[in-house]
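**Q** Add chain Y to chain D, keeping to what the hints say.
In order, the protein sequence lines correspond to chains D and Y.
As numbered in the numbering used here, residues 1 to 455 make up the first sequence, in order.
As numbered in the numbering used here, residues 1 to 455 make up the second sequence, in order.
It cannot be assumed that every hint is accurate.
One copy or any two copies: either way a pair holds, since identical chains are not told apart in the list.
[What the hints assert, rightly or not] Calculated lysine to any residue pairs in the SDA-like style (CA-CA distance at most 20 Å, straight line):
hint, residue 1, residue 2
1, 274, 352
2, 274, 206
3, 186, 344
4, 186, 246
5, 78, 44
6, 274, 209
7, 166, 56
8, 78, 139
9, 274, 353
10, 186, 21
11, 385, 14
12, 407, 422
Just so you know, the hints here were simulated from the structure itself, not pulled from any lab data.
As a plain string of letters, each chain reads:
Number of protein chains: 2
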Amino acid sequence: MSSVHEWIDANRDRAVEELIEFLRIPSISTDPERSDDMRRCADWLARRLGGAGFTRTEVIPTGGHPVVWGEWMGAPGKPTILLYGHYDVQPVDPLELWETPPFEPSVRDGNLFARGSSDDKGQIFMHVMALESYLRQTGRLPVNVRILFEGEEEIGSEHLTPFIRKQRERLAADVAVVSDTAMFAKGIPSLTYGLRGLCYMQVEVTGPRRDLHSGSYGGASRNPLLALATILSGLQDRDGRVTIPGFYDSVRPLLDEERREFASLNFDEDGLRKEMGVEELWGESGYTVLERMWARPTLDVHGLWGGFQGAGAKTVIPSHCGAKVSMRLVPDQDSAAIGKLFTEHARRLCPPGIQLQVSDVHGANAVIVPLDHPAIRAASRAIEKAFGRAPVKIREGGSIPVVGTFKELLGMPTVLAGVGLPDDAAHAPNEKFHLENFHGGIHMAAYLYEELAGM
Amino acid sequence: MSSVHEWIDANRDRAVEELIEFLRIPSISTDPERSDDMRRCADWLARRLGGAGFTRTEVIPTGGHPVVWGEWMGAPGKPTILLYGHYDVQPVDPLELWETPPFEPSVRDGNLFARGSSDDKGQIFMHVMALESYLRQTGRLPVNVRILFEGEEEIGSEHLTPFIRKQRERLAADVAVVSDTAMFAKGIPSLTYGLRGLCYMQVEVTGPRRDLHSGSYGGASRNPLLALATILSGLQDRDGRVTIPGFYDSVRPLLDEERREFASLNFDEDGLRKEMGVEELWGESGYTVLERMWARPTLDVHGLWGGFQGAGAKTVIPSHCGAKVSMRLVPDQDSAAIGKLFTEHARRLCPPGIQLQVSDVHGANAVIVPLDHPAIRAASRAIEKAFGRAPVKIREGGSIPVVGTFKELLGMPTVLAGVGLPDDAAHAPNEKFHLENFHGGIHMAAYLYEELAGM
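Next up, chain D with everything else stripped away, as it sits in the complex (with noise of 0.2 Å):
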């Protein structure tokens, strides 16, 4: 083992370097005219593991970007873990926040700032470098491993689904492996047990059927915008509650045990409330903030768009408008039926005469995963070895929707071994990696192939 981990030492530089290099390349998924950069950011990765040690990859197109897959099968009677990424991006709008261009990779005080950094790039390499550190100090990998790379997390896995069932036998595996979460805060490795799901809507409204001049027209038409805010207002009360009827039935309630480990954790409620740059930290009443964030559902716009947006005065009533709304979801909401429910108050909200358009833009289940799997107590194990203490046992308010698929499809679980930090500003301007915890991240992942050979 420890040749393996004296090459990773050795090897701090080129990691960085090549990471670097990773992410020059502007995946962002949701962006059309990014399919050539998507292409091209596949074949890097698929390559680049090539140069590792893996005989098997390949770059496997699908209905939208294509999925980097390989296989290292050396290891008859070992386990067979399927270690999942995702190789695309968040868009970079406000794109005039940025202190450097989000592909244009620079470090400053020990963190390497870049779109991706952090979620999902930087966390992806850490297994490409750990893995590489074993073939090439041992020629061999002490688990059997199957990789699963996508480019449409970002987007919802819309292709993602039809892909694993389809290619069952070549991800099948005993556990899945996932490095796309954070660290409880700097210095406390932790390990994931809980994610929210998301049930993600888009809204949209239409009154005249031609934009109207405010002059002539105002007082004869209702006015989209005021309707669509009054969708919006109607969504949640002033205790932070989500209005829509049946929106709480089926939440599994927060065990005592829970919250008594998450007060346990003494976490920095005023750190945070400076992190985020808020007057108060605000929420569902009746939760600490830990609870509201990790194990409680929450409504909330992530845009608006309708009329004049530019500098001055114009008196229109615009024909239309927008939004986009999501709820993030807890055991046990079902994403599907939180869709027909935000769709039917939404209606129940739209003055009449006006034209409204609700459609589902994408769903997840939230999951739970037991933290007495053999392959959790492995995890555990090799975070203490990497960094010097034993996790804690966290839940995370994001969403990873192929954690459930990978349950429901393949019947296996999930370990969450993350290494990002909770300001690390995934999905925001700034977006950065801490490279201490991307170091001790590749050693973590070495410790975890090992220990999950004897589980």
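**A** Only chain Y this time, still in chain D's reference frame:
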């Protein structure tokens, strides 16, 4: 007189051709990138007035876009009129809804389609042609004429009031003439005696200092877009009444006589409904649609922006969002006072912990012109001569802020003799000008100068 009107008829084609040349200049006053086009448009107009026989013309700089000024004072002992109009036009977005490009004028079915065709370049140009008809055929005008064509009407005439204050002597006149209004309906010539005022506000809302990932932070922060929706939806009630406390305190009630006169116009509500493309007309309860559009204050949201507006999904809690809102005002509401009431109410509606910035974009008070003024009676006769029937007396829902300024600073009333049509789509895609009204309007302007000479 007849040689003047013969000349007008003989120059119909040239009038349209030259108007098209005028309309080709994209004089969008709100767009900083169009400032050269604004200057080019002012120069074109001054040159064209010179070509019509105006010996004194000038393009006068202001703090914003220039003013086109001119005078012909060769009728001693006769009244002086001040011709006002604006050569700037509204923005063109959404551009994709135009059937032909906004600055490539196109004649279809007796209408000239172009941005500014009706509002207000076409109506300015009627006067240019009418002035030329007299100067060419008789070598003189029946009245003294001063000209004030501004370039900032569509952005609130910010620099016009100081200009008028400074140039009081060069603008002194007995009556102002403005052709920037519409007929009641096609074939029904109209004289407008009332205009609504305007109070145009911008609302900006900031929550977290930076954009946040809704997975990680959903449940910890108020959502600025929901806060904006709450503010906007609190501005109007279900009965279409503005809910800002004190908003209606200074509203002059409609006279029974006016309500009877409006009712006698037999307004085609179903036609309006179809023209607007709405399922139902809607507004403040207790008033007819004409009363609501002409003589009752209203509130509209003109634009909304914030967060992710692209295709697909982005799970962001945006830091910032905003909206443009205006209120149409009636006598005796004061625009500045209403702006203050609006701001106070928005602050009351804003959830705690959210930063709210409200700014006053521009404003104007409503105007009523006395129907028994000799200039109004002269205009009534001119309209009847040009269009073959006496005009109906109407009010208009839009605002022409300068009319109030003329009264306050220059002490003169304004004749509002416009020949637009209600469906001209001013401020909207596919703006057009009915060519029959354009040609009739040139005759009307010529008759108007003659009638005003004898007032």
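**Q** If a hint holds in the structure, say so; if it doesn't, say that too.
**A** Results for each hint:
1. 274 x 352: between (43 Å within a copy, 17 Å between copies)
2. 274 x 206: between (39 Å within a copy, 15 Å between copies)
3. 186 x 344: Classified as neither; 43 Å inside a copy, 44 Å across copies.
4. 186 x 246: neither (38 Å within a copy, 54 Å between copies)
5. 78 x 44: Cα proximity of residue 78 and residue 44: none, with 29 Å in one copy and 85 Å across.
6. 274 x 209: The answer is between: 9 Å across copies meets 20 Å, while 46 Å in one copy does not.
7. 166 x 56: The answer is within: 19 Å in one copy meets 20 Å, while 82 Å across copies does not.
8. 78 x 139: For residue 78 and residue 139, the Cα distance is within 20 Å only inside one copy (16 Å; across copies 106 Å).
9. 274 x 353: Between. Shortest inter-copy distance 13 Å satisfies the 20 Å Cα cut-off; intra-copy 44 Å does not.
10. 186 x 21: neither (26 Å within a copy, 67 Å between copies)
11. 385 x 14: Intra 23 Å, inter 88 Å, cutoff 20 Å: neither.
12. 407 x 422: For residue 407 and residue 422, the Cα distance exceeds 20 Å both inside one copy (26 Å) and across copies (62 Å).
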